[in-house]
Every structure is written in C-alpha cells, then in structure tokens.
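Asks: Quick mapping for you: the protein sequence lines, in order, are chains A and B.
The numbering of the first sequence is the numbering used here, which starts it at 1 and goes up by one.
The numbering of the second sequence is the numbering used here, which starts it at 1 and goes up by one.
Hint data in this document are derived by calculation from the structure and do not stem from the laboratory.
Accuracy of the hints is not assured; some may be wrong.
Capping the alpha-carbon separation at 30 Å, the derived lysine-lysine pairs in DSS-like fashion look like this [what the hints assert, rightly or not]:
1. B:K219 x B:K181
2. A:K103 x A:K316
3. B:K42 x B:K181
4. A:K303 x A:K53
5. B:K219 x A:K353
6. A:K346 x B:K324
7. A:K84 x A:K283
8. B:K51 x A:K206
9. B:K324 x A:K351
10. B:K252 x A:K351
11. A:K316 x A:K84
12. B:K252 x A:K206
13. A:K303 x A:K321
14. B:K252 x A:K353
15. A:K351 x B:K219
16. A:K25 x A:K4
17. A:K316 x A:K303
18. B:K324 x A:K353
19. B:K226 x A:K351
20. A:K321 x A:K353
21. A:K321 x A:K208
22. A:K206 x B:K181
23. B:K51 x A:K208
24. A:K303 x A:K25
25. B:K252 x B:K324
26. A:K346 x B:K219
Which bits of chain A does chain B cover? Going by a derived footprint, with three or more residues having C-beta under 8 Å, they are [stated by the list, open to error]:
27. 125–139
28. 164–171
29. 188–200
30. 331–337
31. 340–350
Beta carbons are placed, not taken as given, at the ideal position from N, Cα and C, and that holds for glycine.
Spelled out from the first residue to the last, the chains are:
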Amino acid sequence: MFLKPYVPQSEEMVQIMDPNGNIVKPEWMPNLSNEEIIEMYETMVFSRIIDEKILQYQRQGRILTYAPNLGQEAAQVGSGFAIKQTDWVASAFRELGVWLRKKAPLYNILLYWYGNEEGMHMPEEVRILPVSVPIASQLQHATGLAYASKYRNEPDVTLGYVGDGGTSQGDFHEALNFASVNQTPNVFIVQNNQFAISTRRAVQTKVKTIAEKALAYGMPGIQVDGNDIFAMYAVTKEAVDQARNGGGPTLIEAYTYRLGAHTTADDPTVYRDQEEVEEWLKKDPIDRLKKYMLKAGIWDEEKEEALRKEKSEIVKSEFTKVENSEPVALEAVFDYIYADKTSIQKEQYYKLKALQEEVE
Amino acid sequence: MAVLNLIEAITHALDYEMGKDESVVVYGEDVGFEGGVFRATKGLQQKYGEKRVFDSILAESSIVGSGIGMAINGLRPVVEIQFSGFMFPGYNQIVTHAARMRNRSRGLYTVPMVIRMPYGGGVRALEHHSESLEVLFAHIPGLKVVIPSTPYDAKGLLLAAIRDPDPVIFLEPKRIYRAFKQEVPEEDYTIPIGKAKVVKSGSDLTVVTWGAMVRDTQKAIEIVEKEGFNIELIDLRTISPIDQETVVESVKKTGRFVVVHEAVSSYGPGAELISIINEKAFLHLEAPPTRVAPPDIIVPLPKGEHHYLPDVNHIAVALRQVLKF
Ligand SMILES: Cc1ncc(C[n+]2csc(CCOP(=O)(O)OP(=O)(O)O)c2C)c(N)n1
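Please take these sequences and the hints and turn them into a complete structure.
Replies: Right, dumping it as structure tokens:
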C-alpha cells in the first residue's frame with residue numbers, strides 16, 4: 001500500500017491524521033480497535049510523564065544526565081506497536097516509547113538513568129538490546145539479529161532505530177547494505193528530529209529526504225509524518241509484514257522534532273529560536289491523537305485526568321524504589337566483565353575491598 | 001596576562017594560532033555554530049568564518065580521514081572528537097593512515113594534524129564518556145600523545161602540537177576543564193612535546209602522573225609528607241614519547257617509584273614506565289616500583305564509579321607502602 005508506489009524523493013510524506021486530529025486519508029487508516037488506539041495514547045502519555053518527571057528530578061539533582069524523548073512519542077510508540085513482543089529492537093538512547101511498548105519495567109529504565117547499569121538487565125522477553133550510546137553502531141547488531149532469525153527460519157523481525165545525525169556514520173550505511181544484500185528481516189527507523197545536538201539536519205546531508213538514501217541500497221525508503229501515530233503505525237506495519245514474509249528490509253524516515261534539549265547537559269537556546277519550537281508544539285503528537293479520540297467520542301477529560309494521575313503516581317513510586325535501591329557493591333563492578341573473574345581481577349578486588357574497609 | 005581555566009586556555013590557544021597561521025582549520029561535531037559541547041571552540045566560527053571553523057558531519061572516520069587529506073595538502077587541521085570514547089570509528093584512520101603516512105611515503109607526505117579529545121572519568125557521565133585510552137594511541141608508532149594538567153600547560157602544549165610536524169593526539173582531562181584558573185600569558189610560548197615537568201622536587205620517592213590525577217596526587221603527597229617524607233612529583237605531560245631522562249634521573253636519586261593513572265591497570269601506561277625504570281635504574285631501587293590504577297573493569301556508570309578511580313586515600317596508602325618498604 002505504501003512501500004511499492006512511494007517515491008522517496010517526492011517530499012510528500014505519508015500522513016493519515018493531520019495536526020487537528022482529522023483523518024485526511026481514510027483509505028489508509030489502519031485497522032485498530034478503540035482499545036488499541038487508547039492503549040497507544042496511554043503509552044505516549046506515559047512516556048511524556050516519565051520524561052517530565054525525570055527532568056524535574058534532574059533539576060533537583062536526583063538524577064544525572066538524561067535524553068528526553070519529548071515530541072517523538074508517536075514516532076516511537078507508533079512504530080513500536082507495529083511489532084510483536086517477540087520481535088527484536090536495537091535502539092540508541094532516546095527510544096523510551098519503544099521500551100514502554102515492549103513492556104520494559106519502568107523501574108529498570110529509571111535505575112539505568114539513575115546511573116546503575118543493573119537497570120539494563122531487562123526481563124528476557126523485552127528483547128531490546130541495552131542502550132547504545134555510540135551513534136548508529138546498534139544498526140549493525142540489528143542486521144545480525146535479523147540474520148540469525150532468518151537462519152533458523154524464525155518469524156522474528158528486528159527494528160533498528162537511529163537519529164538523523166546517525167545517518168552520517170559509516171555504520172548506518174554498512175548496516176543498510178548488509179540488510180539489503182542478505183535480505184534480512186529488518187526495518188530501520190530514522191527518527192529525524194531535525195537535530196544532532198546543535199547540528200541541524202541540513203548540515204548532515206544534502207539529500208531532500210533521508211528516506212531516499214534507501215535507493216542506494218536497493219530497498220524501499222519512505223518518509224512519514226513522525227508526529228502522526230497512525231501513519232507511523234501503518235507504514236511500519238507494512239514494512240514489518242514484508243520483512244517477516246521474506247520481502248527484505250525497509251528504511252523509514254520519521255519526520256519529527258525534538259521538543260526538549262538534546263540531553264539535560266545541553267542548552268538548546270544557544271542554537272535555536274523559541275518560535276521554531278512553538279511551531280512544532282502545534283504539531284504535538286499527543287495532542288493530535290487526543291483531538292482525534294475526543295472527536296471519535298472514545299476519550300474525555302475525566303479519563304485524561306485519571307490517566308495522568310495514575311501514571312504520575314507510578315513514576316513517583318518507581319523512582320522512590322530506585323532511590324532506595326542498594327548502593328552499587330564493589331562485587332557488582334567486577335561481576336560482568338567476564339563470565340569468571342580473572343586471577344588478576346580477583347587480586348584487584350580483594351585489594352580494593354581491604355582498602356575500602358580500612359577507610360570505613 | 002589573562003586568568004583562565006583549562007578549557008578557556010584551549011580556546012585561547014586555538015584563537016591565537018588561527019590568528020597567526022591561516023592554514024589552521026578547526027572542525028568536529030557541534031564545533032562550529034555552538035562552539036563545541038564543552039565550548040572549547042566558542043566564538044571561533046564567528047571570528048574566523050565557516051570556512052575555517054565548521055560543524056562536521058556526525059562521523060569520526062570522516063573527521064580524522066578528511067583531516068589527514070587536509071594535512072597532506074598544506075593545511076593544519078585541529079579536529080575535535082567529542083569524547084575520546086567515541087573516537088573508535090576514527091581509530092581506523094588514526095592508526096592505519098595518520099600514524100603511517102610519513103613512513104609509507106618515505107617522508108614525501110606528512111600529517112601535521114592535531115586530534116583533540118576530552119577524556120577521563122570522575123564526571124558522573126553516561127557510558128563511553130569516562131574512559132582513559134591513552135595507551136591505545138601511545139602504543140602506535142607514529143603518533144604523539146599529549147595530556148595537559150594546567151591551563152598554562154594546555155596553551156603551551158597545544159601550540160606545540162599544532163606546530164608539530166607529526167600527528168598529535170591531544171587528550172584533555174575534562175574533569176578539570178573548569179576546576180581552577182591560572183595566569184596564562186597572551187604571548188606566544190610553547191611547551192616542548194616529550195618533556196615532563198618536575199612539579200615538586202623531593203628526595204625519598206618519585207611519583208609520576210598526568211592529567212586530572214596530578215591534583216589528587218598532590219593532595220596525597222601533602223598528607224604523606226606530614227608524616228616526615230619528602231616526595232618528588234613529576235607531571236609526565238607527554239605520554240608518547242616518554243621523557244625517559246627526567247623520570248630515570250629522578251628515580252636514580254630517590255630509589256623509589258610510584259605511577260598513578262586513570263587508565264585500567266593491565267597493559268596500562270604504568271607498565272611501560274615501570275619497564276623503563278627496570279631497564280635503566282634497577283640498581284638504584286630500594287622498593288618495588290608500584291602502580292596505582294583502576295582495576296581491570298569497564299568504567300562503571302555514576303553510582304558505581306567510585307569503585308573505579310583511585311582516590312586521594314588510595315594514592316596515599318600506596319605512597320606509604322613504597323616509602324616504608
Ligand atoms: C560515535 C559517536 N560520536 C559522537 C557521539 C556524541 N553524541 C551523542 S548524541 C549525538 C547526536 C546524535 O544525533 P542523532 O543521531 O540525530 O540522534 P538524536 O540525539 O537527535 O536522537 C552525538 C554527536 C556519540 N554518542 N557517538
């Protein structure tokens with residue numbers, strides 16, 4: 001429906017729902033039940049509330065550096081809903097919506113950003129590789145995960161996430177090439193949030209759309225309104241189904257905007273105007289779906305309030321647990337370097353332990 | 001004379017050399033418009049234009065590789081890798097080309113470029129933002145590796161690095177970027193690469209360190225000296241080539257040696273220094289040369305990071321052990 005006829009250089013991105021919550025392409029509207037739509041909405045709101053709370057904790061000095069997802073919720077939750085729980089994800093560090101969709105415990109997510117790697121020890125069924133900070137490197141793993149699924153004739157698809165800045169890295173190009181050459185069941189999602197820290201999208205690449213890079217690798221590329229959750233869902237679903245059925249990889253460009261700072265260490269006022277942010281606030285992905293749901297009569301302010309209250313309470317109580325978690329023991333920083341500690345590490349461990357006890 | 005912190009001294013040195021030498025170009029991720037995530041290049045694009053100071057694409061291999069080409073063709077690129085932990089896509093270019101071009105072309109083509117990178121821990125950061133990887137460069141023939149520990153040295157060493165005929169890896173201890181200020185002359189001066197600095201002379205023990213650990217080691221020395229000892233402190237400043245003479249002469253005088261570093265212990269820079277002492281000052285030794293270094297682990301995230309970096313107490317304990325051996 002989308003992938004075959006789409007011309008990635010057309011600059012006409014796929015949109016199903018406009019910023020006012022009106023369905024402008026009814027023929028493309030995915031077949032979602034009201035319950036599913038509400039679940040998508042709740043996941044986006046949950047993501048937003050988590051971001052807001054963490055930013056608040058960060059200002060209070062209770063959490064260190066954090067990369068908020070503000071504004072990118074539909075790109076993440078929409079694509080995340082198009083895969084199954086058994087499918088794999090290789091993401092970077094700004095994909096909270098996907099983690100939530102894949103049922104990653106909030107406690108783990110918060111513990112990680114609190115500064116404890118124990119948080120990344122997720123339940124096995126989450127099937128998302130740990131946060132990957134080196135830009136675009138995770139896409140290579142996405143291709144290997146998918147190759148192994150195909151190798152064993154398993155139906156799993158692997159989603160790989162990267163930012164617009166990440167498309168400049170060799171790893172991005174190598175991963176796309178590998179996936180296409182080997183026809184692995186991959187879908188690559190570029191969250192084009194217009195920035196790589198302070199560097200604008202136009203500085204990274206001269207092409208009109210990031211989607212058209214797919215052409216060079218012989219795979220479909222498609223630009224989607226990343227703030228339209230229906231479009232994100234529908235296009236990703238088609239690409240995922242195609243990959244699952246042996247049709248090979250797809251590149252999806254989610255055209256969106258990073259409403260917040262790059263991370264809490266960043267000051268975006270140095271490199272962008274508030275007016276630009278205001279323009280994008282009008283296209284907010286959560287407001288958009290809410291408008292749709294209100295018009296469809298499946299949502300009201302009472303439900304909204306209850307939802308926000310419930311989710312805020314969850315974040316508060318999970319963060320309290322995180323703050324009361326055990327301090328990181330000396331053992332813990334040695335335990336996972338190898339399957340077994342080396343003899344040198346054992347010696348180092350006992351020496352440090354003695355030193356620390358001496359101080360106490 | 002301006003009073004600057006370490007990062008300001010770097011900005012000042014870049015500004016100074018750009019004003020003096022038109023072949024100097026500066027680029028890297030977020031380096032142009034914003035002036036870098038640490039603001040090391042703040043104001044330089046405004047002053048010298050986009051041709052000489054620009055935002056690179058987000059690709060370390062490109063940053064280093066294009067720099068090699070520029071250096072061969074008459075420019076003096078000073079590129080920034082945002083954090084040393086992200087240099088790996090560029091490591092290929094550093095090792096396979098920057099370090100080898102002179103040898104490969106028998107001196108026809110050379111790579112006078114500087115690759116700046118913030119490095120080191122203790123800043124409570126995310127993964128890959130805290131490593132000390134100096135040996136990954138120091139092990140490669142053809143590269144020079146420099147680490148300043150003061151604003152004054154930062155300017156002098158950076159000017160020397162830019163003017164050096166070979167590729168210089170310039171590692172900046174980000175933990176002390178803004179830790180203290182110092183008088184930095186506005187005039188031209190360089191600090192020779194390959195020359196260590198005796199920060200404080202002493203007769204009982206030689207301690208060698210560099211970067212952010214200089215300050216921690218100084219504090220440990222103050223504590224231990226109150227117990228009646230007299231300790232010599234050397235800031236290595238250049239990791240490669242090592243100033244053997246200064247270190248060996250000191251050990252011959254004191255008979256005792258401790259090296260303190262932030263890089264993990266095994267195959268770390270301390271191993272190289274102790275090897276040199278073994279070869280050149282063995283008969284003068286009165287105690288086993290010792291290293292104070294983190295264990296062989298991946299730098300933990302902030303909540304566990306205190307298990308990694310040796311602190312003042314840890315250093316002091318080691319100094320006493322060697323002194324009382
Ligand atoms: C290999 C590498 N180089 C540099 C960095 C530092 N860095 C962290 S995020 C970032 C920008 C990433 O931009 P983009 O890919 O567009 O993703 P976004 O942060 O916008 O989600 C940079 C340069 C890094 N993490 N990895």
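Asks: All hints are to be evaluated individually against the structure, with a verdict given for each.
Replies: Outcome of the hint check:
1. B:K219 x B:K181: holds, 18 Å
2. A:K103 x A:K316: holds, 18 Å
3. B:K42 x B:K181: Since the Cα atoms of B:K42 and B:K181 sit roughly 18 Å apart, the hinted pair holds (cutoff 30 Å).
4. A:K303 x A:K53: holds, 20 Å
5. B:K219 x A:K353: holds, 22 Å
6. A:K346 x B:K324: holds, 25 Å
7. A:K84 x A:K283: holds, 28 Å
8. B:K51 x A:K206: Given that 30 Å is the threshold and the Cα spacing comes to 18 Å, the pair holds.
9. B:K324 x A:K351: holds, 18 Å
10. B:K252 x A:K351: holds, 29 Å
11. A:K316 x A:K84: holds, 29 Å
12. B:K252 x A:K206: Measuring from Cα to Cα gives roughly 61 Å; hence the hint is violated.
13. A:K303 x A:K321: holds, 27 Å
14. B:K252 x A:K353: The hint is violated at about 33 Å.
15. A:K351 x B:K219: Within the cut-off at roughly 22 Å; holds.
16. A:K25 x A:K4: holds, 17 Å
17. A:K316 x A:K303: holds, 20 Å
18. B:K324 x A:K353: This hinted pair holds, its Cα atoms lying about 22 Å apart.
19. B:K226 x A:K351: Measuring from Cα to Cα gives roughly 25 Å; hence the hint holds.
20. A:K321 x A:K353: At roughly 27 Å apart (the allowed maximum being 30 Å), A:K353 and A:K321 satisfy the hint.
21. A:K321 x A:K208: violated, 47 Å
22. A:K206 x B:K181: violated, 43 Å
23. B:K51 x A:K208: holds, 24 Å
24. A:K303 x A:K25: Holds, because 28 Å separates the two Cα atoms, which is no more than 30 Å.
25. B:K252 x B:K324: holds, 18 Å
26. A:K346 x B:K219: At roughly 29 Å apart (the allowed maximum being 30 Å), B:K219 and A:K346 satisfy the hint.
27. 125–139: holds (count 4)
28. 164–171: As far as the region 164–171 of chain A goes, the hint holds, because 6 residues have Cβ atoms under 8 Å from chain B.
29. 188–200: Per the Cβ count (4), the hint holds.
30. 331–337: holds (count 4)
31. 340–350: holds (count 5)
Hint violations for this structure: numbers 12, 14, 21, 22, all remaining hints satisfied.
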